[in-house]
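Visitor: Given next are the chains, with one letter for each unit.
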Amino acid sequence: MSEHRFWKADADDDRNVVLHFDCGPDTRQNTLKSEALKQLSETMDVLLGKCHDVNSVVIVSAKPDSFCAGADIGEIKSMANNSAAVGNFLDEAHKLLLKIRRAPFPIVAAVSGECLGGGLELAMICHGRVAADTPRTRFALPETSLGIIPGFGGTQMLPRLVGLQKALEVIVGQKKLSAGDALRYKLVDRLAMPAELVSEAKKLAETIRERDKDRWVRRGVERLPVIGNAIVLSMARKKILKETHGNYPALLYALDAMSQFVRPLEAGLRTEKQKFLDCLNTDQAKNLMDVFFLRKEARSRKWVDHPSVECPKCVGVLGAGVMGRGIAYAVLSANVPVVLYDPYPQAIHAAVIFVAKLLMKEVKRGKLTVEQAMKRRNLLTTAWGTSLRPLAKTDFVIEAVLEDVAVKHKVLAELDKQLGRDVVVATNTSSLLPSDIVEGFPRPEYFCAMHFFNPAHVMDLVEIAGHPGTSPYAIARTLALTKAMNKTPVVLKKECSGLIVNRILINYLAWALFYVSRKNSDAEAAVNPWDLDRMFERMGMMMGPLKTVDLIGFDIGQHVMELSANYYPGHLPEISRLPNLLKDKTMLGQKTGKGFYLWQNNKPVKPNADILNLLQPMASLDDEWARLVVGAIMGKMKKEAQELIDEGVIDADMIDLSMILGAGFSPGRRGLLGRV
Amino acid sequence: MKTAVLVDGTRTPLLKAGTVPGLTAVELGSAVVRGLQKRPAMFGFPVQDLIEEVVGANIGNQVLAPDGSNVTRLIMLNAGFPLGITARTININCASGLHAALDAAKDIELGLVKGALVVGVEVMSDYIAVYRREQREAFAALAMASRSKDPAIKKMANQLKLLAKVKTMPHDPIWMVSAGLTDPSCDMRMDKISDHIAKVWGISRQEQDLFAMESQRRATRAQASGRLAKEITPFSRDARFGVFAKDNGIRPDTTLEKLSRLKPIYPYGTVTPGNASQITDGAVALLLMEEEYAKSLGLKARAVISSRNSGAYGCEPTMMGLGPVGAVKQVLDRTGLTLKDFSVIEAHEAFATVVLAQSRAFASKEYCAKLGLGEPMGDLAFEVTNVNGGAVALGHPLAASGARLLLTCVHELEERNEENGLVALCAAGGLGEALAIQRRKQ
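Sequences listed follow chains A and B, in order.
Start counting the first sequence at 16; every next residue gets the next number (my numbering).
Start counting the second sequence at 124; every next residue gets the next number (my numbering).
If you're looking for bench data, these hints aren't it; they were derived computationally from the structure.
No experiment lies behind these values; they were computed from the predicted model shown.
Beta carbons: idealized from backbone N, C-alpha and C, even for Gly.
Beta-carbon label-pair distances, calculated as ranges:
(1) B:Glu380 - A:His574: 23 to 33 Å
(2) A:Lys654 - B:Arg374: 57 to 67 Å
(3) B:Ser348 - A:Pro483: 46 to 56 Å
(4) B:Leu494 - A:Leu417: 33 to 43 Å
(5) B:Ile388 - A:Arg252: 53 to 63 Å
(6) B:Arg374 - A:Gln657: 52 to 62 Å
(7) A:Glu50 - B:Arg374: 49 to 59 Å
(8) A:Lys508 - B:Ser348: 43 to 53 Å
Where chain A lies over chain B, by a calculated footprint (3+ residues, C-beta under 8 Å):
(9) 321–335
(10) 497–507
Going by beta-carbon spacing under 8 Å, a handful of chain A positions derived as facing chain B:
(11) Pro360
(12) Gln361
(13) Thr397
Next up, chain A with everything else stripped away, as it sits in the complex (with noise of 0.2 Å):
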């Protein structure tokens, strides 16, 4: 560990002391690492020795955008397999919180910028917190989407401050707060602008000390224990064994070390210390973490051999459909110029609402200012009708056009008129062969797949891949936007059709609806839809396979699966042998509100028993025989992963993280093929 001092302090005449947080120049986000959690602590010490010199301590981040992003999970990692390391560690972080509470000066976070897990924790231990008044200001404890709980005091504080109801929201339900929010569930005392922050955090200090003045030793506001606590945390636990079938056991350990806060502190911090060292050893936590490093890794990792490229200044959206609207928005995020265009003005219609809705979204939750939204949709163009002279000031396209190679190759040979000769075209195509699409295209170099999922503007995955003649330039150009927009590339490296996600995710659609219907001879009996969608969803799936099928639409599907039915002889059921779906045109899917499930506010009400008109006759309930298809069907996507390796296509931890990143396919489990 190099010398860095991660901690300055300065004093002023008044002896206030100011405490400038830094990781250095090299990071762009502060974390706590160990050897910063040992600074403070001797830093702390020098302090309390002369604390007749102090009259108050400040502590602010040198990075405005970052006070403090948490502990390094690295270094988690590393000590997970060793519980002794750990306990040693949290012991020590919790001598240093009690140190901050009992201090005889008033201690003051002045937040700015990002707020996480470990960094927030320090706040809150804080005497009070004020924080800057910009969007970058945020708070969340994010730790149990890793599969752990907050252990630096978190599930002590946050309760104390705010409420066990609303440190629920934040700690279970992973909900984000705002500087505005904050204020409002009074986490922070004041909000103030971000050049007069550290005055504000001194004058607060002062407040502090003036009301505390006769007291000896500063504690917080200790709460009595009430019935309705115990009744909140029940209710907790029932709806999250509920949502999640058991497979986040990190908040239940949560829920557990939550319910102490009403002791006092000591006690409550060594009831999460032991929270977090049982939370710590479950697969689940060790799964979350490594996807989290997989993550980062597919982030950082260099996937093509050409030297980095600049981020498109202008990207033209051809289509204006449910992809291709989210699409815009995400590139617009990404605060890049786009041009929207598609032949009718209903789709560039519906995709202004969507886009100036979204926008609305994120200023009334605080993300952006008035003036940011409206700077952002400045950035949109739209343009309708026949000509595609529109895009011609673009220099990069992504094509999201109708899945059909005919269609494709027209538009394309269009497209290819109005461009620059060095243009970037990517296809969003989600089942096509990139070789096949770009006959339809005059510079086949300037050519690759870009597949977004539904909704881009939310989903984190974008999968790349070039065809044969696809310049090792185009992909540098694809991966420069996919970064630009803060998503995930996984790029691979080999062409094939469906790509990963949707190569592995047809067998798993395909397969379930071949079970579900006894057209086939092979099954005895039929498995009852809605249970097979139980037992995926209870394995961790996001969303089980009918419920899936319902969202895509059954024209869609019923489309996607005989392209790949076409590609893939052999692997997939054949289509004659699996129900017929498409007979009733009131019942297609969410988009008619009636499927396998009846639909309403976009979300599955309960089932839809006409279905089982058209997949009759139906079969008793057998638990043992649902379990045997459920491995089943795993074991024709765990084969189509098989093959993915083995064609060369990707590696094994990439097919799990974009299962996990694309189609929510169970991160407790690390993935589909999971631990190797």
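Go by the hints and put chain B onto chain A.
Guide: Showing chain B alone in chain A's frame:
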């Protein structure tokens, strides 16, 4: 032949009708002339010494009271110009403002005058209302009876009888704002014609709303960036009313969703208040001079306004918005340019449908064949058309609009450092006028 150039110009903010109570065309017109005089470029050059005539444009305020039948003369006198300077007012409906500029340019080109002031003014909030014919006749009969030499008793009986015939309630006058916007040849109001155009050219409500939203967005951006302020002279009357410095028809908070919720004006129609231009007051003043004369005085020539580069054309009155297509064709013929050569296009947005229909007609083989062209004229590039929004967002003070588009076009050419601009307006009666502007690079 001499060359006419635009030396300078300004406009008042476009104010929604009713913003300034009791506003008259003379007041607003005089204000914009004074505003022109105060422009930095005009420092030391009294406008009245540079010009020999004033060509005004107005439609609805010069009918009769309160602004007389030649409102331009009133404005000129009110501005204190010498009595010898002549003044006339042009009216060919919404293209009046552009036509007034062309009219002045023609006089300069012919060498009749060396400088001319163009004033386009329209105060739509001051439009009068008149009695219907039946009511007028009843009033006339009553007046006749009052003047009769009959014995008093008989006269009074007669008067009472006629008074009973005068319908005073419900008082139902003809509003000139509505009557003025109705084409008597087909007895259709302009919004009805817009609906008709939408139907014939297959322009959906969504497309119109999209267009209107884009106009609002561009105008909002231009206003926020200070681009619009460059052409505006703030209008103020006295301290009580404060200063109006901004176009107040722009709705920065509108969204496409809000626009699509508006009720159409006619049942089953597509035209709404949101995708039509607004009823607005506004005035524009342009100073046109002979180029050599301007140069000899040390005044900058900003753009050439040549009547030879203009076009005027008519089509069916029920297709009011398509007049400019034929007019633009003439402009292209006369200048040898194509649609692609224009870096800035100002197309008058009487309605969203109008510009959308024009863009389709430009690209339509059949329509262009009707005008005698073998090939369509090409695409109207929306990225250079009305880049600062149009009448849908800013408002449409009828006779001032043509001059406003000319002024905006020259400003935008300067902003982008480009040379060729195109201005096109449709006018009720199926007419259209267009002008290719050539900026003089300094």
